[in-house]
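In terms of the working numbering, the sequence shown has 169 at position 169, counting the first letter as 1, and numbering is strictly consecutive.
No lab work stands behind these hints, which were simulated from the structure alone. Note that the structure is predicted; figures quoted are calculated from it, not measured. Hints should not be assumed to be uniformly reliable.
[Unchecked claim] Cross-link-like lysine-lysine pairs, in silico, DSSO-like; alpha carbons within 30 Å at most:
hint: 1; residue 1: Lys39; residue 2: Lys253
hint: 2; residue 1: Lys151; residue 2: Lys241
hint: 3; residue 1: Lys228; residue 2: Lys95
hint: 4; residue 1: Lys241; residue 2: Lys228
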Amino acid sequence: MARPIVRILSRYILRQHLPPLGYAIAALTCAMLVNQVAKQFGNFVGKGLPWGAIFEVFALSIPFIVAMTLPMAVLVAVLYTFSHLAADNEVTAMKANGISIGQILAPVLGGAALMGVISLLWNDQVLPRSNHTLRTLLVDIQRKKPTFQLKEQVINEVVPGQFFLRATRIDAAASTLNDVTIYDLQDPDRRRIIMADSGRMAYSGGGTDLYLTLRDGEVHEIRRTDPKHFNRTFYTINRIKVAGVSNTFETTKNDEYRSDREMGICAMQDVVGRARQDLERVRIDALNAVAGELRRTSKLAPLRPMAADTTSPRPSTYCRVLGVLQRLLPGSPRPARAAEPGTGAAAPPPPARVVQDVTTPAAYAQRLRTARQRAAIYEVEIQKKLAISAACVIFALLGVPLAIRYPRGGVGLVIGTSLAVFSVYYVGLIGGEEFGDRLIVPPFFSMWTPNLIFLIVSIPLLWTARHAGSTAHGGDWEEVKQMLLGWIPKLRIRL
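Produce the complete structure using the sequences and hints provided.
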């Protein structure tokens, strides 16, 4: 067919995908966000947090949700669009006019590839920054104590696990207490029970400390080292300071620590490179130790130790391009580096005395495993970003023949197939990440296995969709159930 007609047809197919793609992204993102709000909202409202902080927590959760929903939205859009095209005989008309499945599939794959690039940039540039900000904010929220409110006739935990207070009557307006009992467990060597007829509360200027002025009471004290010793003291006025009951919310500034999920691909490649340098250094140290021990046993003169190759690996093409763009764009942030032990710049060789203390085979094996595991954790995260981005293309390859083969599946086909594919895919990612981090499966296969499985499934489906009969009417859910469950009656007959 003439090229202008193919171009018009390609634009038509892509235009048909845009509305369902937008709806799918919005619907899936909103559904997952509502689920997140329903699960987490109760954990924040009881802490007296400002509404801006609560809103920021859920706003910072959106980048992660979008990273998950982009491939899902591609599959939903492809299934919905092609099921309608096939049900309206448009795919049949295209084939009748000499347009092959490959020509129909080409614009879809091009659009899916574009979505994959967007997904990669989103996962590499936007998601790590939002994850870092979100983690810092959640740590700040966890440090904030719940609203300090004393209740009558209840043992109130003023300082968790250390200071407890009970009062028969509390006047919040006058800050007075009546019939007070305090259980003071702050001193590990002694336990004190303080009783008072009445008392008064006051806070320090910054609201961080609580001051109690107790009247007409007694103190019972027991030493843990000598349970037989009991001390009873009477007092007229007893002043007690309880530190750290602040209810202020403070945000952390300039948190330099970043985990693997808070780093981009280039920063993680840098960490992997340093981990491999450590691995090579440990390997050379082990060889030098074995060679030195053999020559010492044989009473031979020691040889000069081999030096490990600690040359930094060359950045990938993607990282070099990003580096050029960051230099060209003013004010662009620098790539983040992991600020954790063992992932910094190569340290100088330790003194000989320290090296001799860790030259056992078990010590070398442990150092080798630690270096491999550190490299694997970051390699798995790199492959996960790439695999999720490539899933946009894989899902397009899978969705087109399914929609053409079962044109009358309708919304049921879209929802049912999408849920099944998403469940298998993300369960595979979670399990693969666990296996990859534990060095059970290589990082590439731990993250790319779900993609490879769906690619293998899509190839025979595409081959079937090439035949003219695959676009005939039928192909509803009854046929799908027959295909999936039709073997059960045959099995019963044989049995």
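Here is what the structure says about each hint:
1. Lys39 to Lys253: Since the Cα atoms of lysine 39 and lysine 253 sit roughly 28 Å apart, the hinted pair holds (cutoff 30 Å).
2. Lys151 to Lys241: holds (19 Å)
3. Lys228 to Lys95: violated (96 Å)
4. Lys241 to Lys228: holds (28 Å)
Hint 3 from the list above is the single one not met by this structure.
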